[in-house]
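Listed below are the residues making up each chain.
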Amino acid sequence: MRGPILFAIMAALIVLVGESQSWNTALNIVNMGLISAIMALGVNMQWGYAGLFNIGVMGFVALGGLGCVLVSMPPTGEAWAAGGARVLLALAVGAGAIGAAILTWRKMPRGRLRGAAVAVVLIAGFLLFRYLFDPAVEAIEAVNPAQTGYLGGLGLPVIVAWPVGGLLAAGAAWIVGKTALGLRSDYLAIATLGIAEIIIAVLKNEDWLDRGVKNVIGVPRPVPYEIDLQQSASFVDWMQRWGFDPVVGSSIVVKLAYAGLFLAVLLILIWLMEMALKSPWGRMMRAIRDNETAAEAMGKNVTRRHLQIFILGSAVCGLAGAMMTTLDGQLTPGAYQPLRFTFLIWVMVIVGGSGSNWGSALGGMMIWFFWVEAEPIGKAMMDLITYPMADGSWLKGHLLDSVQHMRLLAMGLVLLLALRFAPRGLLPGR
Amino acid sequence: MDLLNAIVAVLNYVFIPAASYGAQLALGALGVTLIYGILRFSNFAHGDTMAFGAMVTILVTWGLQAAGVSLGPLPTALLALPFGIAATILLVLLTDRAVYRFYRRQKAAPVVFVIASMGVMFVLNGIVRFIIGVNDQNFSDGERFIISARTFKTMTGLNEALVLKTSQALTLVTAGIAVALLFWFLNRTRTGKSMRAYSDNEDLALLSGINPERVVIYTWMIVAALATTAGVLYGLDKSFKPFTYFQLLLPIFASAIVGGLGNPLGAIAGGFLIAFSEIGVVYAWKKVLGYLAPEGWEPDGLVQLLSTDYKFAVSFAILIIVLLFKPTGLFKGKSV
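These protein sequences, in sequence, are chains A and B.
Mapping the first sequence onto the numbering used here, position 61 (from 1) lands on 61, and the numbers just tick up by one.
Mapping the second sequence onto the numbering used here, position 5 (from 1) lands on 435, and the numbers just tick up by one.
Just so you know, not all the hints are guaranteed correct.
[What the hints assert, rightly or not] Computed from the model, here is a short list of chain A residues facing chain B with C-beta under 7 Å: (1) 131; (2) 179; (3) 185; (4) 186; (5) 194; (6) 213; (7) 287; (8) 291; (9) 292; (10) 408; (11) 415.
These aren't lab readings, by the way, just hints derived from the structure by calculation.
These figures come from a predicted structure and were not determined experimentally.
Built from N, CA and C at the ideal position, the CB exists for glycine as well.
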């Protein structure tokens, strides 16, 4: 009974914002809340099902966003002619060098010679890579740098980008998981923290790939544009019949369309996960989580299962990242902050209920709601606190300016309190 | 002459910066490794503890500067450092009391401690940003250089200059003193010995009558002192910006893991290893090779292995290599 009540409270809060502030704000919260819920689902798969501690969510989310750019933006023909093939060749050479190094390590007998051979392969591969890569990048970035200066994407519909974003994230997860899983839990945490920083650094600096900090704008939409709706006579007619202003109505309709898409994805994911948890696979995952030694003694390969669930969870985060970039209509690598995209998601999972899919989804919606609304609430509180102070005093100005930092503090307190007094969350898992 | 120029250039651009950065990382990693050894979890709030200590020190420094107190050629921040350490000790003891002690009594899994430390990190981050803001703060004063570019050039007649900033020399000296004190404490005093005993074998230590709460309190106090010192030195050397302290978490953890978590000597070695590789890989070697290469063979490009923005990739790569080949670290660390 607890679940429906909490979801009803959540809906009531949204309606309250819709009525008291504006429906546009309310729907914005709903849309990002749904995306946050999907991210929380991904983290919950890793943490709730397997006890894996991933603090690189930001990186996987950003890779999803990159997926959007690579799939849905129109290709830049000139840039491809200038150096597209050479960049691809360089990347292939780089990957080949790493593969060759691994092969050398496996095939050669132990000894000093082996280490030296691997080093030679890696250094030669690196030099060849840079020799091929640098001129190509220069050529690509020289093509109309103000507008493009990058390779562009494939020009496919943006919905296709969502699973592709998931795949990219899964690939990165495979690399991290392969090295850090099977060791202590903290090592995975540090490794994910590192890969996230590196992914963001790549997105910020590799202009040929995604224009770096110049941002890619105008990512295509899966839903109609407001301006097209406003110019379509039938839409205006329809709106007027219901007594709405077509301009306001168009933006509401677009947001509702997004909300419908996101909700569909969220529900499908939850359904899939619930089914998986009921299957023999789900029982095995629970057995591994509850007692790794016993599961291992029963002949289950714990590290392999951990790798599997780690990749799946990261893919879900990547999917959510692609959806977020679609909603924003742009990829802004500078906007990815670990506190917002990694640690906030963790607060959602812990507060919502680790191990419970519905719980994490609820936590995602609810924490996102308070993250957004903390600003007006905090401001109102701070106005009240500073009310007796003299206008123009230094302290008053400082306090009012610092309101935005209060929400970090508030979220930290929420996390600590939830962990201590309700460690199983709002909707505990079984 | 060219050889001398090359050596001076390497010293100036690689060796000195890397040595002082390495000392800062080592101090940070010592804190992480001590917490790991005694309290048995990875403290993700460590970067923000450093930021908090540095912030208090900066505020006191500003107060001293306003009052006209100064240390002459040395930065005033040195006078303010004890106040910063005291405030940080209070803070970490408070967080231990309010947050970690509960889980210790429950004998919770290490990962629960880690999540709790994430919450503490959030709170500290909020406090630091709330009090001092997110911008760069400059608080170094006193003599900027011990050896400036011009004096060195006129003294030696070389093309290349060797610059030694006060903050760099100060970092090395302070770090040396701090490490010496720490090892003296751990190896020679009763409390230090009980800390090591507790870290090696908790049950045996309890049986021989060591009070665990006392050990934990001493550990936090030492960690607070190390973290504040590291934070202030880093701030003096570069500049103070709350977010960079969060980003330092990755190289600090990499140093601690590379050296073997729980092993203080390893943390120091790891800090220098990470710092030297980071700076060596992102430095453009063109100038040095230009001096060394025979006439006409000078390189055209910058000979920079990776651009500066990828310096995190270096600590990450070293971390991965160590995890793949020697998961317990170069020196023997713990593994729980």
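Here's how the hints hold up against the structure:
1. 131: Interface hint status for residue 131(A): violated (10 Å vs cutoff 7 Å).
2. 179: Hint holds; residue 179(A) Cβ to chain B Cβ min 5 Å, cut 7 Å.
3. 185: With Cβ-Cβ at 5 Å, under 7 Å, it holds.
4. 186: holds (4 Å)
5. 194: Holds. Min distance 4 Å.
6. 213: violated (10 Å)
7. 287: violated (17 Å)
8. 291: violated (13 Å)
9. 292: violated (12 Å)
10. 408: holds (4 Å)
11. 415: Hint on residue 415(A): holds, closest Cβ of chain B at ~4 Å, below 7 Å.
In this structure, the hints that do not hold are numbers 1, 6, 7, 8, 9, in rising order.
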